[in-house]
Amino acid sequence: MSTATTHDAHHEEHPSGLARWIFTTNHKDIGTLYLLFALLMFIVGGAMAMIIRAELFEPGLQFVEPQFFNSMTTMHALVMIFGAVMPAFVGLANWLIPMMIGAPDMALPRMNNWSFWILPFAFAILISTLFMDGGAPAGGWTMYPPLVLQTGNAFPFLIFAVHLMGISSIMGAINVIVTIINMRAPGMTMMKMPLFVWTWLITAYLLIATMPVLAGSVTMLLTDRFFDTSFFDAAGGGDPVMFQHIFWFFGHPEVYILILPAFGIVSQIIPTFARKPLFGYSSMVYATASIAFLSFIVWAHHMFTVGMPLTGELFFMYATMLIAVPTGVKVFNWVSTMWKGSMTFETPMLFAVGFVVMFTIGGFSGLMLAIAPVDFQYHDTYFVVAHFHYVLVTGAVFAIMGATYYWLPKWTGHMYSEKLGKLHFWLSTISVNVLFFPQHFLGLAGMPRRIPDYSPQFTEFNQLSSIGGFAFGLTQLLFVYIVIQTIRGGEKASEQVWEGAHGLEWTLPSPPPYHSFSTAPEIK
Amino acid sequence: MSEAHGGYYVPHGANWPIVGSIGLTTMLVGLANYLNGSSVGFTMMLVGLGIVLFMMFGWFGTVIGESESGMYNDQVDKSFRQGMSWFIFSEVMFFAAFFGALFYARIFSVPWLGGADAVTSDVLWNGWEAAWPTNGPGEVGGEFESMEAWGIPAINTLLLLSSGVTVTFAHWALKKNKRGPLVLWLLATVALGFTFLGFQMFEYYHAYHEMNLTLGSGVYGSTFFMLTGFHGFHVTLGAIMLTVIMFRCMKGHFTPEHHFGFEGVAWYWHFVDVVWLGLFIFVYIL
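Residue numbers (the numbering used here), protein chains in the order written: chain A, 1 to 524; chain B, 1001 to 1286.
Be careful, since some hints might not be right.
Which residues of chain A face chain B? A few of them, derived with a C-beta cut under 7 Å, are [stated by the list, open to error]:
hint, residue
1, ALA47
2, PHE121
3, PHE226
Keep in mind the hints are simulated off the structure, nothing from the lab. What you are looking at is a predicted structure, and each value in this text was computed from that prediction instead of being measured. Ideal Cβ positions, reconstructed from N, Cα and C, are used throughout, including at glycine.
Isolated chain B (complex conformation) (with noise of 0.2 Å):
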């Protein structure tokens, strides 16, 4: 059921959005009940999240059915640009939070800690001396070495940017109808985002089982983990969403006009470079 109000296309009766509260609630209060040490906690943490995945595969297929049909006009069009705009604005602010305590980790409270601040030393550790990265006065996690930049991360920052310009070529293809290189140039894209993850995989394994670098690892394993892991996430997001961009694609979605699927999809895939790019700087190399 549908009508069109002076062309703008108004849904009547959405069916997934309660389903997709219920797949959240279920996940989340089972995760709750998990950590808690609830034994049943895990399998309904799963049961929820199949929810979710369901309710995503059934609201993006009626979504990508409509399109299709030609159901959105370029009012609509602008509704999810700006919509999918404001989405990855949130999202930067998210990260924001986490690059906000590793800064705040990095010019205060480590740098009190170790007698900027006569008063916090004094009382607290008395005689520690600040460096990054640290660990902290109380050794939290014991001794471990930090991840050092030129290694896999700068590889991992030339597959990323890679696939930035990968990306742009298949929308060049695409604005220009050219299928066989448009799912090229995605394939390419996709591959190169699954190659990182794979890299950020080792690093991680090593890390854990030969630096002794854990999310317990004081501030620095905190901070290290934290951001590159909801990064890591971020990418795994974006990768699958171009795969299944590159499906479309194969199947004869888009037109050189109308193709906001993909272009969301390349915006938060530009979204996780530059995320990657603050990551590379104020992470790894300073």
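Bound conformation, chain A alone (with noise of 0.2 Å):
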């Protein structure tokens, strides 16, 4: 159309510094905030898990008060969770969606402005209450009453945090949804998006549905705790277990939010290094379609233990137990796209085959933490700790960080340093599983999580699981360089970057230019 003219002529009219970034509308400007703001609480977060790993490298109290012992796991939980993994997918959200639909923008911008700078403030007020009277809450993030009610002056600030957090969310998700439905090129059809669009069309449609829902358990125990409603107290006539109901309704598709759009990624980079097709693209929509909708009622297999009627124990079971099906489909999609592939190995296909790998771990723990009989056994141990960071650090994270090498190219116009890149990786893989392997063993032996003390015999594994804490941790410092080095100069990358890479991003000039596409690219 004849505005691409009008678009050049306002090229440079942005403003630079501080101001660029605190009013931009801009989807690429929006995308750097929050990965940029997701590698800060990587860090944060990181440094709380940090010290968890030291106070346990030894049994008996060395460093801290079993208080903030108990603050760090529910801090990092919170960080980790609504400020690392959920705004990195978003800012990959923002940077790729538009590119990959052959978009101008966002469908919503000075919305998708708001969906970023909600967060910094959120997580202020969320870290201040670090050093709050009575401390950070320490109840656990899942914040179970009556528990979670002895936080001292934090509690109110707990509470609206998560309220902040849950309206940048949905705003979020709003427009993604929005970008996806009414921003699609001609030609661009439903089933001709790519995997990570599709993905993330499902998860923000998990978010609109779950996050009001958790707002709604956190009000309930604002009110709980302020203005004497009795939601959570058996002599009122309600139950605390009502909370975890609520709850983990939200929680259990929350889960799937941190692993979808990972899920997407990884069906990006594979079939790039295998130069092959996805296998089965559209029986992988089917599938991601088919997790979120069990996501809505499997939610009590996360509350096995705290008394249930025995159908409502059998349902949960069964019904978690089914989402093995879809997750094998995609898992045999990603093995079948590599096989008799012309593969090479660059950073981020050994973050994807990692992934592919580990994070099957992390769903075959989960499929034994689904039986119910046998979770009376596991539940609140650290199996259950080795399980979700199976699927979150080395599910989740992992992706996002292939996902930063395979696409960093492309944001700075830069390649990064291969050779780091791939010690990147060794030095994570090896050390994440020194890390989380050996909680298994100390969960199935009868070590519980969220306490900062333990009985002698399980010292060796924490120990051994410590060390390999210390060297994750470190590693990622070499992430934060590489990054870093990258944005400020190396190789000139190519448009397509990937000698496989398929996909309207990949037709973009790297960087690509202020505004992807001024005028739709037409699809065949």
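The two chains are supplied separately, each in an independent frame; assemble them into the complex guided by the hints.
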């Protein structure tokens, strides 16, 4: 269309300096903000994890008070989930979705700005609770009453921080859905969309459906504490377990919010380096949708031990195991994509393959946990900790890192150092397994989670785990270095960057112009 | 500053979001301090609320200005429609959490405490008989009367349902570009909405002062006031939005073809209406 010329004339008009970042409505700027914010929170949450692993290096109390230790586990989870992984995915969505579907920008650019700019405030509030009377929240990120109601002055700040994060996520999700439904270039039919777009479409739906439920549940906590309501108080006819039901109705879809975009990323990376189209594209789409559907009817598998009718236990057990079917479809498809491909193993591919292997380990331990009678033994032990760190660290975080290496040359116009990237991958992979694999055994042997002390027989495995933890933490400084180095300079990246890369984002120059597609591209 | 991209309006530079973030943060930090017993908390909350309102005036003002100068094409219009629909869906899910609490209390926790689950009742309040409405075995908040459905709530149901009809008449008038009836039907809708709120305020006053039914009346009081209270808050917002739309109609905004602002608010109003039907059935009648 004829507007392309107008666009060139205005090209350099955007403000520079701090004002550019505060007032920006550009999807790439906002994507960058999200990604940098996520990296910052990854470091903050990582520092908390280091404190946890230092305290657990030996039995007995070494460095911190038990209350502070519990604050660390609580804050580590909240920061990593809501501050690191979710914003990283939203950042990727911002950068990539408009480029992948041939749109000029996100559908609602002003709201896009707001959904990011709520986050720094929300986390300022959350992190400030560390310095309040009574300390930061220490009842676990799941905020179970009645324990969480004993939080000191931090309590209302915790609730309002969660509200703000929810508002941000809902606005971000609305933007993603509307962009995907309404902004596709002519010819970009739904079943031609890259899988990253598909997985984000479904993730955004999960976000809009569940974040308000979280908001509702923490609002009930607030009124129970300050306004005399009895939602979670048996004396008034309520039930503390009711909170867990409402919370996990949000919480289980939430864990798929943390992994579906990762599935999308891996489905983009593997075909590129296997030099074959993705095996079973449509089955991938249906599998993602099935996982999303199932995520709404499995929540109580987080609460097998709290007391539930037997039919409930059985229903949630079988429904949970069903998830293995669509997930298995996905793993099968990734492996089949690689089958007989002419594969090369650049850093993004290493992370993607690492994802497939290690996420599957986490998936299998999840299957073990799904078996209700067996879960009675595993519940609230380090086995659970090992399980969700396999799916979230070697799953979600590895996918985010793979995505960073994969698209960083496109974003910055520079190639990262392949040597350092590979070093980062191998150091991470070895250390993360030293960190989390022993925790399976600790959990099976009965070591409970969220306690700063343990029986002496758990010492060796804990020390091994802590050493892995410190190594993994240090290795991530290398990641930060590589990212900064690539932003600042390096070998020029071509348009396509990767020999086997397909998709609209690879038709744009590296780095792409401020506005991706002023005129909609033609899609065959 | 703005640019059209293939006709799709992409604004450049958004000043209001950061104002909104500062306002929300001030308001919530103020409220949190107030709840913790700090003396400055309440004032801080009001200041924050003021900033949020200022942001809304500014932001909506900008959008209305852009809309009236014809910068939004059909595709932008579609984005707004879809955005509003998903926003309303998120609101539905917010209410779902509280309806969930109501159902859980009535189907599970209260009967269990009353002996349907032997262990629970033996260990906690042996011999207590389950009933609904209840303030629980601890008789939290003392004896109370429950709210009767066929008085004010039934009248309120009629009021809200009628307002759904009047807003539709207003929409038909707008489509035929008949300004007079449009404004009158909107005025009727707004009047019905505020009458509803007046009745609800009376109902609350009655509950607190004559029935000893309060937020603290166990799980019945909690679910009753949280559900009807959040609904009333949404009716308030909807009525204010309708009032704004009415003034815009009087100023000659909207055309028979382009009137998303009107429709978005009408959708919101219907949503509030439907939630009320759920409330009337599950909170008042059953």
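> Against the structure shown, which of the earlier numbered hints fail to hold, in ascending order?
Replying inline: 1
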